[in-house]
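Between the sequences and the hints, there should be enough to build the whole structure, so can you do that?
What follows is each chain in one-letter form.
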Amino acid sequence: MSALPPYATTGQRIWHYAFRVICGLIFFFLIAPILIIIPLSFNAEDFFTFTPEMLALSPEGFSLKHYRDFFSSNDWQQALWNSVTIAPMATLLSVGFGTLAAIGLSQPHVPFRRAIMAILISPMIVPLIISAAGMFFFYSRIGLQGTYWGVVLAHAALGIPFVIITVTATLVGFDRSLTRAAANLGADPVTTFFRVQMPLILPGVISGGLFAFITSFDEVVVVLFVGSAGQKTLPWQMFTGLREQISPTILAVATILVALSIVLLATLEVLRRRGERLRGLSPA
Amino acid sequence: MPTDTGTDDFVVFDRVQKSYDGEILVVKDLNLSIGKGEFLTMLGPSGSGKTTCLMMLAGFETATHGEILLDGTSINNIPPHKRGIGMVFQNYALFPHMSVAENLAFPLEVRKIGKSEREEKVKRALDMVQMGEFGGRRPAQLSGGQQQRVALARALVFEPELVLMDEPLGALDKQLREHMQFEITNLAHSLGITTVYVTHDQTEALTMSDRVAVFDDGRIQQLARPDVLYEEPENSFVAQFIGENNTLSGVVETMGDTTCTVKLDSGEIIDAKPVNVSRPGDRTLVSIRPERVEFNKERLQSGVHTLQAEVLEFIYMGDIFRTRLRVAGRDDFVVKTRNAPDQVRLQPGQQIEIGWLPEDCRALDA
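Residue numbers (my numbering), protein chains in the order written: chain A, 1 to 284; chain B, 285 to 650.
In case anyone wonders, no lab produced these hints; they're calculated from the structure.
Even for Gly, the Cβ is constructed at its ideal location relative to N, Cα and C.
Partial pick of chain A residues on the chain B-facing surface, computed with a CB cut under 10 Å:
1. R180
2. A182
3. P189
Chain B stretches covered by chain A per the calculated footprint, using a threshold of three residues with CB under 8 Å from any CB of chain A:
4. 371-385
5. 388-400
Here it is in structure tokens:
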């Protein structure tokens, strides 16, 4: 933020500082609840509050027992395993279908492009509970309810809009004469796709994939409807954990998930920069 | 350059038509034969169908009607990646995520050529365009002229017999453009490849080509060597489009074998060469090149008709003088004279008499 100019009026001065305070408050309310769980997860007691030992920063106040609990409990390990098997598969399907849909819908000759696009993006807009209920009834009929593939398909449907949006955005800057050049140089359409088009839209594909992954990994509503006890994911286990056995293990899990999110976001940022550099490089 | 123009038909357009919407023909009944090793330029204003023809040859557009033959076989049903035709794109279309050497290796890789042979060919192609040291760079790290050379090398590296160029010099500045014109023609002739070049720049077309096809309204208006095109345009579109040109409209008065007289709309009579007028009474546009107009009385042929002219403007352009005259009621008549030591510099307001050799004044369609 630039410094105040010497001719600023009193009103402008007040607003200048008030603005900073407002921004600070917004950050505080958004970030503080997330940050506070990190020290709490190292609590030596089974409480959700700071003990006097923790506040005194004495080593007895802290322990890794909740992390140990997470890694030794069968329930948590099963939930982790479910999340880790469901999310990547759902991401794979989202990325595959989403990328193909985005490329198809960016061709100018496709009829009803906008309508098709709107339908494909709708899972992002329709309230989750409605999608979940619809999927429950539909999947029950065709025998997918309560199965691994049922949850994977449901999560893939939720992830596809993210992939479509990010890939469509990268395709806007894609120079169509490049695919013509590749064909002219003797590459068949499949080679052209993997050697020329894919590397250039990869940043969009990967960031869409990350969003899809996080969507599946964090999702609790749809999995409650579509899954059964065998598909209990981490968020589901946290949800029941909060209701039934209030244990700081949840805080340990939350901290792990926060760390994971930060890693993913950092990856996203690196990819975005790479994408910008490549785009900036392409001849205007 | 007198190569074997049109002797063997390497590329043939046979009654080709193209329509994008099923109603308007962008290319109308195109017949064209291009000889092996020939440098042919398709020249025309935008929307004349020249780029569409090039795209049909490359395989990116399909002909609505008619056939395109390459070396005797129809290529209508061959997809672009199996045609083996090199192409330089207007925006170069270099792959931004590959280095220069990788760009050049790409056509060789998809042809499954071994690594050592590939590297050798890439090196030779880069040396050919004096870009040998730039193999490791990304296209965006190169200037426009360097990108242009790389695009050229990439189109040639897999040794195609036919190379297409779609306004490849459009984005370069004038000096670089002139230099590249020279390099491209040299390269094409020394490698013996057949080149189809599309441009809307008539200077480029005249200086580079063996033959030029002038396109307008989806048809070839004239297909000829550059000198013939300039000196003997067959219709008024070609006369107007190629080079600078003075036109006067009138009606054919008398008709001879090699000359005719034309009565201008302002009443004067002039001598002309009948090109596509057939009998007295035809309306005609006569066309005279600005450098073929003579106002030095001693050099004017005796017995020819002359016109009165008033000097309106004298522009000094260095190598030439450009004088604007009022002739036969029009004030856009231009005379160009060489800046020679004995050359007369006309003054605005001066009254002069102008004339020309009858064969330099062509009576064309109105």
